[in-house]
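Dock chain B against the given chain A, drawing on the hints supplied.
2 protein chains.
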Amino acid sequence: MDVLNWSLARRTLFAAFFAVVTAFGSGVVSAEDAKRDTLPSWNDTAPKQAIVDFVSRVTKEGGADYVPPPERIAVFDNDGTLWAEQPVYFQLAFAIDRIAALAPEHPDWEKTPPFEDILKGDLKAVAASGEHGLLEIIAATHSGMTTEKFAAIVDGWLARAQHPRFHRLYTDLVYQPMLELLVYLRANGFKTFIVSGGGVEFMRSFADRVYGIPPEQVVGSSGVVKFEMPADGKPVLMKEPKVEFVDDGPGKPVGINRFIGRRPIFAFGNSDGDLQMLQWTAAGGGLRFMGLVHHTDAEREWAYDRHSAVGKLDKALDEATAKGWTVVDMKTDWNVVFPPER
Amino acid sequence: MDVLNWSLARRTLFAAFFAVVTAFGSGVVSAEDAKRDTLPSWNDTAPKQAIVDFVSRVTKEGGADYVPPPERIAVFDNDGTLWAEQPVYFQLAFAIDRIAALAPEHPDWEKTPPFEDILKGDLKAVAASGEHGLLEIIAATHSGMTTEKFAAIVDGWLARAQHPRFHRLYTDLVYQPMLELLVYLRANGFKTFIVSGGGVEFMRSFADRVYGIPPEQVVGSSGVVKFEMPADGKPVLMKEPKVEFVDDGPGKPVGINRFIGRRPIFAFGNSDGDLQMLQWTAAGGGLRFMGLVHHTDAEREWAYDRHSAVGKLDKALDEATAKGWTVVDMKTDWNVVFPPER
Chain A
1 MDVLNWSLAR RTLFAAFFAV VTAFGSGVVS AEDAKRDTLP SWNDTAPKQA
51 IVDFVSRVTK EGGADYVPPP ERIAVFDNDG TLWAEQPVYF QLAFAIDRIA
101 ALAPEHPDWE KTPPFEDILK GDLKAVAASG EHGLLEIIAA THSGMTTEKF
151 AAIVDGWLAR AQHPRFHRLY TDLVYQPMLE LLVYLRANGF KTFIVSGGGV
201 EFMRSFADRV YGIPPEQVVG SSGVVKFEMP ADGKPVLMKE PKVEFVDDGP
251 GKPVGINRFI GRRPIFAFGN SDGDLQMLQW TAAGGGLRFM GLVHHTDAER
301 EWAYDRHSAV GKLDKALDEA TAKGWTVVDM KTDWNVVFPP ER
Chain B
343 MDVLNWSLAR RTLFAAFFAV VTAFGSGVVS AEDAKRDTLP SWNDTAPKQA
393 IVDFVSRVTK EGGADYVPPP ERIAVFDNDG TLWAEQPVYF QLAFAIDRIA
443 ALAPEHPDWE KTPPFEDILK GDLKAVAASG EHGLLEIIAA THSGMTTEKF
493 AAIVDGWLAR AQHPRFHRLY TDLVYQPMLE LLVYLRANGF KTFIVSGGGV
543 EFMRSFADRV YGIPPEQVVG SSGVVKFEMP ADGKPVLMKE PKVEFVDDGP
593 GKPVGINRFI GRRPIFAFGN SDGDLQMLQW TAAGGGLRFM GLVHHTDAER
643 EWAYDRHSAV GKLDKALDEA TAKGWTVVDM KTDWNVVFPP ER
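Chains A and B, in that order, are what the protein sequence lines are. My numbering applies: residue 1 is where the first sequence begins, and numbers increase by one. My numbering applies: residue 343 is where the second sequence begins, and numbers increase by one.
Hint data in this document are derived by calculation from the structure and do not stem from the laboratory. Take every hint as true, because none was put in to throw you off.
Which residues of chain A face chain B? A few of them, derived with a C-beta cut under 7 Å, are:
1. Thr147
2. Arg204
3. Lys234
4. Pro253
5. Val254
6. Asn257
7. Ile260
8. Gln276
9. Gln279
10. Ala283
Ranges of calculated distance between the beta carbons of each label pair, as one might list FRET restraints:
11. B:Ala503 - A:Asp329: 52 to 58 Å
12. A:Gly324 - B:Pro410: 40 to 46 Å
13. B:Glu447 - A:Gly62: 42 to 48 Å
14. A:Val52 - B:Arg507: 54 to 60 Å
15. A:Thr321 - B:Pro412: 38 to 44 Å
16. A:Asp108 - B:Asp497: 54 to 60 Å
Heads up, the beta-carbon is just placed ideally off N, CA and C, and yes, glycines get one too.
Bound conformation, chain A alone (with noise of 0.2 Å):
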């Protein structure tokens, strides 16, 4: 086990159960939309305008800044950049209902750390429990499963699942203006990574459905898979409950590297988690695009940044500011946040 990547997934993590931060069915947005009135989520301010000229410049033919479609990748941030992450990563959320559904089939979890605080909605114990309750927490949701078993339990947890301030689906909070933007870049012949710290067979299970991203083009975090051949003949991939790769902060361009294997024109992130991925963007040659979603609504929304547990956001907003990067300011740039109710 990598100290380094532990160090990561505890601060990706763990951050969660520290948090106490406590509008609108599925944004369906095609590509004839995106032509009739570009980015309608986004008021006219500097960032839409800021994104319209790039976009404009990288796809003009003959033109100084003129990029040619297989080189316009384009990579998102998941968590808080293209759906909400409060009050905990929904993944986590997702963990915590694994046990409690889990636990009759578990009467020792009733007596065990980590399991008993979550069943008795204990987080502060929980997030007392350290790495090894993390890990613990990890294992017996995210593994010794096949891939397959995996991705239904997922799937079925996402289509009943409410969040607990919303009481709407999950994937049902995510950000309208992010969707139309997806689609505008596409339409102008990007293609669209997530690289996100998320499980990637967890991201894998909705993001061609909600964004629109192929699960091939869906960069995250994993635990180790092994091939099995049983008796019947039919292989299958067990998930183990070991981490391999922790794709936040500096894992992000390493993920970029190793999934894409070229660089980003184009990165938009919420949290010092993708600093990494916006410098190594910016690092390239000829004109880039580096965007932060600044959460600054708390009505509609949240407000938090450099003091939140959850997608803390404070390295990488200086940064921004004296780089000149986009920052969205959600309460003033956007003028919806989630999809309108079905």
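Chain B in isolation, oriented as in the chain A frame:
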């Protein structure tokens, strides 16, 4: 260091040292060519018929075997399947040439195995140096530099190095029938991927130009890469002398799960290292295509299978026969092997 991975790495790469197994510029096939004359370099024998029949059935809308385009994932091994692999894997030829090129900067190599053995051309002694020797060769030639520097070195080598038997660029020794097959599949809505034991960064240097397969659709073995921020504020990715992932044998379905995230419906290999990829492909629901290139043509290419140290084809050949997978007899089924000389 994972022992299993090292065992696989050794099998994959070291075999080359033991091998003493001892046509026509760049093959460009346009989509137009593919429509005019489907697979012209394939004789009208069983493999071509099986390919065309499979593609016709999965693309027939309303048919019982119809597969929607996003699910039309086709995976290809590289060494021995898309390009030749004799007398040694081409990436190993690159490493050997690099040792020779770097030798003036390392006078100690003249008396240090395995470098001295390479410099003397004594590949048997190199092989005798075992895993430790291999690690040193890979470390000396594939790490200690940025990803960009490595790509530039590979580009330079590919532009100049000549194959010892054919006296052509290595990228000219690709199989013309397979180039046609890639174009034919893409023209029919397939997304084509490489899934190979070769180094992912090595293959990405030429896969787009030679096969029309972009970097983000190349899955391969990899070393650890680290994000670094130098004092000048321009981040780099440094290649470290540690193996991270060996995409061979059971590693191939694992790599497919990790990088592609869905199961292929079409898979082509040529050796036992492809067996699990073929089994994983075959185990999905609906119509599937599994193919093997059988090297049977010592005159135009090479003839080898069960007892070859490079590209050993033994168990997979038995399983293909037992299960009715397609086996291409290079001598009989291909009327051209390599693209014509420019």
